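If you want our numbering, it's the position in the first sequence, counting the first as 1, plus 1.
In case anyone wonders, no lab produced these hints; they're calculated from the structure. Keep in mind that the hints are not guaranteed to be accurate.
[As the list claims (entries may be wrong)] Straight-line Cα separation of at most 30 Å, DSS-like style, residue types lysine-lysine; simulated pairs:
(1) K64 <-> K50
(2) K254 <-> K63
(3) K304 <-> K190
(4) K82 <-> K63
(5) K160 <-> K134
(6) K82 <-> K254
(7) K82 <-> K93
(8) K160 <-> K93
(9) K254 <-> K334
(10) K160 <-> K82
(11) K22 <-> K134
(12) K304 <-> K286
(13) K168 <-> K134
(14) K50 <-> K190
(15) K160 <-> K231
(16) K50 <-> K82
(17) K64 <-> K254
(18) K130 <-> K231
(19) K130 <-> K22
(20) K50 <-> K63
(21) K304 <-> K254
(22) K82 <-> K24
(23) K231 <-> K190
(24) K341 <-> K190
Remember, predicted model here, so these are calculated numbers, not experimental data.
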Amino acid sequence: MLVDLDYFYAQVEERRDPSIKDKPVVVCVYSGRTEESGVVATANYIARKYGVNSGIPIVLAKKRLDGVDSVFIRMDHDYYKQVSDRIMVILKSGSDSFEQMGIDEAYLDISQRSGLSYQRAAEIARSIKGEIKDQEGLTCSVGVGPNKLVAKIASDVEKPDGLMVVKPEEVLQFLYPLPVDRVVGVGRKTSERLELMGIRTIGELVALDVQRLMEEFGDSLGTYLHNSSKGMDEDPIRERGDAESISRIATLKQDTRDIDLILQRADQLCLEVHERLLQRGLGFKVVAVIAVMEDLAIRSRSKTFEGATDDLGVLRRVVAELFGSLLENSNRKVRRAGVKVSNLVAAKKVQRELTSFF
DNA sequence: GTATGCTTTCGGC
DNA sequence: TTACGGCCGAAAGCATAC
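Required output: the full structure, derived from the provided sequences and hints.
Below, the structure written as structure tokens:
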């Protein structure tokens with residue numbers, strides 16, 4: 002079963018101030034470059050009727066809502082996280098096993114407690130929806146199915162406040178008419194390539210030879226697409242631990258190729274990443290820098306060490322080196338700069354490795 | 001060929 | 001017509017070792 006909190010950030014804002022809930026509500030990520038530069042994180046369904054969807058520039062959203070009484074709100078991530086954490090406790094306790102995907106959705110394995118009865122599964126889903134409504138005043142949409150693939154697609158069909166149950170014997174007819182991009186992992190690029198092959202729906206995909214798919218998309222994606230079209234998915238629901246990487250990225254005041262300007266911002270990001278490392282008591286083996294160029298193309302460079310370290314000086318020096326290398330290999334200006342550490346190692350071990358080195 | 005590890009890009013939320 | 005965040009994990013692509 003997949004539980005997806007409806008238009009999450011905007012719904013939380015509606016709960017915080019119910020006077021806005023009959024208007025378009027647009028929750029924004031402001032980049033700080035100009036007064037209104039940034040993108041829409043989430044909008045409520047009223048705003049969506051005006052074409053205001055996640056990811057569009059704020060300026061465009063304002064244009065689409067020109068003359069309409071609407072509310073633009075700065076994203077308050079810490080608050081949404083607190084609400085999310087409480088809901089995830091409810092979801093986890095309602096499952097045999099649990100996998101959180103981002104801040105607003107989670108897969109719940111309820112095989113045991115439902116005894117594989119879809120009647121019983123639907124009751125469990127209704128009960129969980131009720132608990133979230135009672136305890137947090139929020140709605141969610143739930144998809145129930147024989148695996149993650151089907152549950153996810155089912156959750157998308159009826160929303161907001163939806164509940165869709167797809168039994169194993171209904172899977173093929175359920176998927177058949179849906180567009181291919183409902184499958185997780187099929188985004189704009191893959192669906193465009195499928196379109197060129199004359200494939201628009203999952204029903205058209207299932208009719209395609211798996212060999213042909215593997216030639217076009219490679220063995221991995223090819224077999225994945227083939228299996229997905231038949232509603233087959235064996236990916237297990239597994240608890241996720243802490244994040245395996247820590248990153249910060251920020252938009253620069255202006256696009257630039259000036260390494261000093263970039264490093265000035267990157268140094269702040271290093272400090273923040275380092276702070277989060279210390280909080281978790283970790284060292285790192287891999288440092289990466291990410292640059293979003295003026296044309297929004299994304300470039301990255303990374304460096305791997307033999308042993309782990311948690312040294313801020315090392316982080317800053319390597320970040321400087323990597324941005325230098327990145328600029329050498331591009332002639333475009335940088336719009337956004339990011340710093341990431343990964344292959345994280347408990348600080349105890351970092352200490353041991355450092356002392357054993359001397 | 002297979003296994004493994006590293007770098008970079010892709011795509012979900 | 002343009003406009004444009006900040007995270008995260010997974011996969012692709014490549015090199016190396018055996």
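Broken hints, by number:
none
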